[in-house]
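Chemist: Position chain H against the provided structure of chain Y, taking the given hints into account.
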Amino acid sequence: MKFGVFVELSVPRPWTPGAEREVYENSIRYLKLADELGFDYAWCVEHHFLEEYSHSSAPDLFLCAVARETKRIRIGHGIVICVPQINPPVRIAERAAVLDILSGGRLDVGTGRSSTWTELAGFGVDPADTKKYWDETVRALPKMWTQERYSHDGTAFSMPERAVLPKPIQDPHPPLWVAVTSPGTELDAADRGLGSLGLTFGGFGEQEERIATYRKRIQQCDPVGAVNEQVHTVNFMHCSEDDERGTRVGQRLAATFSYISSQLLSAREATPTPAYPSLGLLPQLRRESSAPGDEKGVPEGLTIGDPDRITRVLQRWESCGVDGVNFLMNTMERVPLEDIESSLRLFAREVMPRFRSGEPAPAGTEV
Amino acid sequence: MPLNGTLDVAVLGTDRVPTITDPAAADVTLPDAEILTLSFEHNHAVHTEYLPAALHPTVPPTLHWSFLVVDDGELGPFTLAQLRLGCRAGYRARSFLVASFVDNEVAGEPLRARWGFHAAPADVSVRRYYDRIEARVVAPDGTPILDGALVDPTPVAPSDATFTAALHLVRMPDAAVRIVQVDPEMQFRRADYGRPVLRAFDAGACGAPGLEARLPMAALAVRADIVLPAVRYSFAVDEPPQRSVQRIGAPGPSG
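Residue numbers (the working numbering), protein chains in the order written: chain Y, 1 to 367; chain H, 1 to 255.
Simulated from the structure, these hints should not be mistaken for lab results. Ideal Cβ placement from N, Cα and C applies to all residues, glycine included. Among these hints, one or two may not hold up.
[To be verified] Computed spacing ranges between beta-carbons, pair by pair:
1. H:LEU215 - Y:ARG215: 52 to 60 Å
2. H:VAL151 - Y:MET159: 31 to 39 Å
3. Y:MET159 - H:ASP8: 28 to 36 Å
4. Y:GLY154 - H:THR29: 35 to 43 Å
5. H:ARG189 - Y:GLU148: 37 to 45 Å
6. Y:LYS143 - H:ASP238: 39 to 47 Å
7. H:LEU215 - Y:MET159: 24 to 32 Å
8. H:VAL151 - Y:GLN220: 55 to 63 Å
9. H:ALA25 - Y:GLN219: 24 to 32 Å
[Stated by the list, open to error] What the simulated footprint calls covered on chain H by chain Y, stretch by stretch (three residues with Cβ under 8 Å from a Cβ of chain Y suffice, anywhere in the stretch; the number is not a length):
10. 5 to 19
11. 85 to 91
12. 134 to 144
13. 213 to 219
Pulled out of the complex, with its shape left as it was, chain Y reads as follows (with noise of 0.2 Å):
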């Protein structure tokens, strides 16, 4: 199983000289020891004008400093917002390959649409519209890398044909994921041969179905590129030696990431489009997190507590046929640095080997 970290790089009022620095370089300071630590990913979000729940709206020149500040761990570039308006498919394909070469191949790439009134009126988007832009966004990408040279004439966009440069290190170019928010989304990825990037972490018994379905529908697909047949999901994390200080800072994450994504205007409550079904990422998150939980009042599948605990909740992930789980560690910055530090150890120490059989330790695990 892998395990990654993902920043939302949020930034609380009141904004501060400096507080938005201060955010950025302790994401780094701890995707950096995540990295030493034999985490796998390191995420990082793409949101325009989402005051205070992240302040992320050039990831790729972040993650770019966090390719330079790390060795092994894999760079993921989502979600890329795939909108003409918001980012052009040619920027995103050089942007990409410029990261991939810079991060020395170590690049994933999330693919979606946004889900906010906010972000997409931003840029003048119709919200009826992004499900085409994304679907014709992603077959493009594979072909602008691997092609020497790419024309297209579409809905979305056009072009003459032109190189598109540079190209990536990895062959036959980075692995490629989408979104998965609304249920039927993840049938989506697997037509297209994409890995799903499940944004929700949902029921144990919903998840493993939609995950056996993804799983036979992907066997038949139509692949935009290579196919990247991988089910990762998203969670919240805090790891401590004392369950219940490991619980009570772990819903306190979730209490907060929920309190400022509920805010958000969401592209369903603004205007009226099948395009998106459901209310997207936020609400979701927000509902599951505050689901009924165990006799501690824990939601089912939530990754917080002493490490027995989250590791029985990643074993039943796992036998659900999640291939990964990426955790937030912080929002709003409710969580102090040194406890980031000092959970993401204790769960490489006491976690992470025991879904790692026959693997070496990784460096930096002992107290």
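Modeler: Showing chain H alone in chain Y's frame:
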């Protein structure tokens, strides 16, 4: 954490804070009613000014003109116009009622007494044309308050229509100023989506000077059977709703 409203409710006159005298009224059914909603982003300069401290503004700030046309039912025929601001009550998406106008005082009296609508008298009209649905609010002195429309209606699945519950600033029977939730239940029959247009909007006449409609968001017209439920909960104007919510008729916080 998110910004909070800065509205000073203490300085608001009785016209801005309707008194609920009969909050325990039963549900009222409004069969085959029409709702037209015109939504816009509004200017950031007043994004907290007209919201109580208990509420967070949406990002970006939004305003919604909503028209309810009732031809029949327990309250008789009436057309109600509401100006609301998009907000959050804790985690929940809501809209805060800033002003409302009604064309029939027979319905206006119970709308004020039971649900805390301002229901100020005005000529309120909604007219459906082939290519647009026009909506107007005209003050008794003939001054236009609102002139807008849904343009180019296109049928959409009723399941694509979403509405947020409204929050009303009211004086309770015990004279306390609180916020109540009005959350109609709707069985949609049809829905049309279109482009919202505003030709005239007198924000001052709505008690919200400086409020300006900016980016058009959406216009939605639905026909629905509506149940206007009795008001059941209230919460404080200056505390997070989850800390101060009370069941109406019950003595203390209910969590």
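Chemist: Against this structure, judge whether each hint is valid.
Modeler: Each hint, compared with the structure:
no., hint, verdict
1, H:LEU215 - Y:ARG215: 52 to 60 Å, "43 Å, violated"
2, H:VAL151 - Y:MET159: 31 to 39 Å, "34 Å, holds"
3, Y:MET159 - H:ASP8: 28 to 36 Å, "56 Å, violated"
4, Y:GLY154 - H:THR29: 35 to 43 Å, "50 Å, violated"
5, H:ARG189 - Y:GLU148: 37 to 45 Å, "57 Å, violated"
6, Y:LYS143 - H:ASP238: 39 to 47 Å, "58 Å, violated"
7, H:LEU215 - Y:MET159: 24 to 32 Å, "30 Å, holds"
8, H:VAL151 - Y:GLN220: 55 to 63 Å, "44 Å, violated"
9, H:ALA25 - Y:GLN219: 24 to 32 Å, "60 Å, violated"
10, 5 to 19, "violated (count 0)"
11, 85 to 91, "holds (count 4)"
12, 134 to 144, "violated (count 0)"
13, 213 to 219, "holds (count 3)"
Taken one by one, the earlier hints fail for this structure at numbers 1, 3, 4, 5, 6, 8, 9, 10, 12, listed in ascending order.
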